[in-house]
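Chemist: Order-wise, the sequence lines are chains A and C.
Note that the working numbering gives residue 85 to position 85 of the first sequence, counting from 1, and the numbers run on in steps of one.
Note that the working numbering gives residue 31 to position 31 of the second sequence, counting from 1, and the numbers run on in steps of one.
Everything labelled a hint here was simulated from the structure, so no lab data went into it.
The model shown is predicted, which means the values in this text are computed figures rather than measured ones.
Please note that the accuracy of each hint is not assured.
Below, a sample of chain A positions facing chain C; criterion: calculated Cβ distance under 7 Å [unchecked claim]:
id	residue
1	25
2	29
3	30
4	33
5	37
6	60
7	62
8	84
9	103
10	221
11	225
12	228
13	322
14	332
15	404
Quick reminder that beta carbons are idealized off the backbone N, C-alpha and C, glycines included.
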Amino acid sequence: MVHTFTCLGQDFLLDVESGTLCKIDASMKNFIDSVSSPGGNFDAGEFSRMRKQYPEEAEEIEALQKRGALFSPMPNYKPPKPDGVIKSMCLNICHNCNLACAYCFADEGKYSGQREAMTAETACRALDFLVKKSGNRHNLEVDFFGGEPLMNMPAVYAAVQYGRTLEKVHNKQFRFTITTNALNLNEETIDFFNREMYNVVLSIDGRKSVHNQVRKTQGGKDSFDIVLKNALAFRSKRGDAQYYVRGTFTARNKDFAADALALVDYGFDKISLEPVVLPDGHPLAFRAEDLPMLCEQYEVLAKEYLKRRANPETWFSFFHFMVDMKHSPCLSKRYFSCGAGTEYVAVAPSGDIYPCHQFVGNTAYKMGNLQEGKIDTHLYETFCENNLSCKPTCLDCWAKYFCSGGCAANAINFNGCITSPYQTACALMRKRLECALAVYCLENTQQ
Amino acid sequence: MKHIEIVAEKTVECGAGTGCGECQASCQSACKTSCTVGNQSCERKIERIQKEDNK
């Protein structure tokens with residue numbers, strides 16, 4: 001299967017099954033589009049018929065086919081069933097928040113329950129559980145999440161300290177990360193983050209007016225000024241270590257490229273901006289008719305991205321425009337993606353275990369509890385199906401090895417089935433992947 | 001080649017399908033809402049390339 005596309009004024013080709021990425025000229029694009037079916041598969045009859053018209057192009061295609069780089073067959077790969085190992089945990093350290101964001105999936109931190117904080121003891125038991133379930137995995141991930149984790153720092157400090165002792169005993173390495181709204185960031189927490197956190201995600205939505213419209217405090221006040229001040233203080237001390245400023249865009253700021261660039265202009269160089277996911281009919285939810293504009297905005301952003309990255313002074317990274325073609329993930333990773341409900345779980349303050357943070361509070365998806373230490377086998381089996389081989393619509397999609405079939409929670413929430421991906425997210429994913437591949441090509445070839 | 005320029009070749013590798021699981025869970029990296037794996041890196045490949053660079 002091949003996918004040809006035009007982006008940033010150039011034509012490109014992705015050979016889906018081999019992952020070969022090419023820059024092509026207009027005549028090659030015309031020829032390949034003519035000799036491939038609507039699904040991107042090779043049409044030998046059409047190729048023979050048209051080769052007189054495109055002799056050079058035909059010769060080049062044949063040469064690439066011979067080396068397995070074009071119209072490649074699907075790899076002979078059967079994904080192994082997950083082996084029960086858990087390596088990654090979202091620790092919902094605090095089901096409370098000092099913001100009341102208009103689009104919050106977590107019910108302003110309460111996750112449809114009460115405002116509560118995880119005890120230090122529960123946090124430490126969660127790490128014990130992770131170590132016990134991690135088999136021979138060396139790298140273990142724990143993300144402190146909420147609600148707002150900074151509202152329960154004693155438990156964060158205790159968990160990190162305890163995790164460091166477990167590392168030595170069990171020959172593990174914890175990669176602690178934290179996702180915060182930055183409202184309570186101070187010198188002490190910044191220094192702690194820089195000492196202990198492998199990655200820090202700070203939530204800012206972009207332009208001041210956009211942010212303030214949807215990210216109010218619990219008292220209804222604007223949060224932008226204090227959040228930006230704190231986030232910049234963090235950035236000034238972070239050096240080269242990993243962090244992201246991560247925003248959400250909604251139907252109110254469909255011109256979100258301006259928000260991504262605003263974040264860069266404030267002084268951040270690692271940006272992620274996510275489309276909001278809300279039930280149909282919510283005033284901030286996207287509608288089908290929004291998709292063309294959203295796709296156009298990705299290209300607007302990609303154009304400016306290329307321009308700014310050409311100058312070290314203005315260089316920045318955008319999470320969804322990054323594709324790692326050099327250290328690209330293995331096929332197993334491409335099939336299983338996030339590993340929700342199998343190698344990745346979320347733990348609520350009560351100690352209840354869920355497939356991921358998106359399911360916390362949904363008791364139908366409670367997989368167990370730390371005290372019992374067991375995982376519900378029926379739910380585990382369900383989430384084993386969250387892989388490409390179980391998603392027929394994905395197997396015919398050119399983007400499948402980059403997204404693994406999308407988010408399990410979105411599939412269930414919108415389509416009631418873990419193997420039926422949420423199509424709005426698919427459309428946006430495909431467009432930003434085209435931008436990402438185009439950026440990769442243009443940065444790695446002579447323009 | 002005149003009409004086609006390969007920028008990256010055969011990046012979907014069956015042979016590299018170790019499934020060792022040492023890489024980052026995709027949803028833990030930055031977004032918490034989407035499952036992009038194309039921008040995730042293989043820990044083994046990074047180690048191998050670092051070793052080669054150090055030789």
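Chemist: Tell me if the interface restraint on residue 84 of chain A is satisfied: Cβ within less than 7 Å of some Cβ in chain C.
Modeler: Since chain C brings no Cβ nearer than about 12 Å to residue 84 of chain A, farther than 7 Å, the hint is violated.
Chemist: Does residue 37 of chain A meet its interface restraint, that is, does its C-beta lie within less than 7 Å of any C-beta in chain C?
Modeler: violated (20 Å)
Chemist: Just to be careful: measuring from the Cβ of residue 30 of chain A to every Cβ in chain C, is the smallest value less than 7 Å?
Modeler: violated (10 Å)
Chemist: Regarding the hint that residue 103 of chain A lies at the interface with chain C, is the smallest CB-CB distance below 7 Å?
Modeler: violated (11 Å)
Chemist: Quick check on residue 228 of chain A please, does its C-beta sit within 7 Å of some C-beta on chain C?
Modeler: Violated. Min distance 19 Å.
Chemist: Using the nearest Cβ pair, does residue 60 of chain A come within less than 7 Å of chain C?
Modeler: holds (5 Å)
Chemist: Taking the least C-beta to C-beta distance, is residue 225 of chain A closer than 7 Å to chain C?
Modeler: violated (24 Å)
Chemist: The hint names residue 322 of chain A as touching chain C; please verify it with the least Cβ-Cβ distance against 7 Å.
Modeler: It holds, given that the least Cβ distance between residue 322 of chain A and chain C is near 4 Å, below 7 Å.
Chemist: Residue 404 of chain A was flagged as interface toward chain C. Is the shortest Cβ-Cβ separation under 7 Å?
Modeler: holds (5 Å)
Chemist: Given residue 29 of chain A as an interface hint, is its Cβ closer than 7 Å to any Cβ of chain C?
Modeler: Violated, because the Cβ-Cβ distance from residue 29 of chain A to chain C comes to roughly 9 Å (cut-off 7 Å).
Chemist: Less than 7 Å between beta-carbons is the criterion; does residue 33 of chain A satisfy it with respect to chain C?
Modeler: Since chain C brings no Cβ nearer than about 13 Å to residue 33 of chain A, farther than 7 Å, the hint is violated.
Chemist: Identify whether the interface hint at residue 332 of chain A stands, where standing means a beta carbon of chain C within less than 7 Å of its own.
Modeler: OK, holds: residue 332 of chain A within 7 Å of chain C, min 3 Å.
The structure shown violates the earlier hints numbered 2, 3, 4, 5, 7, 8, 9, 10, 11, 12.
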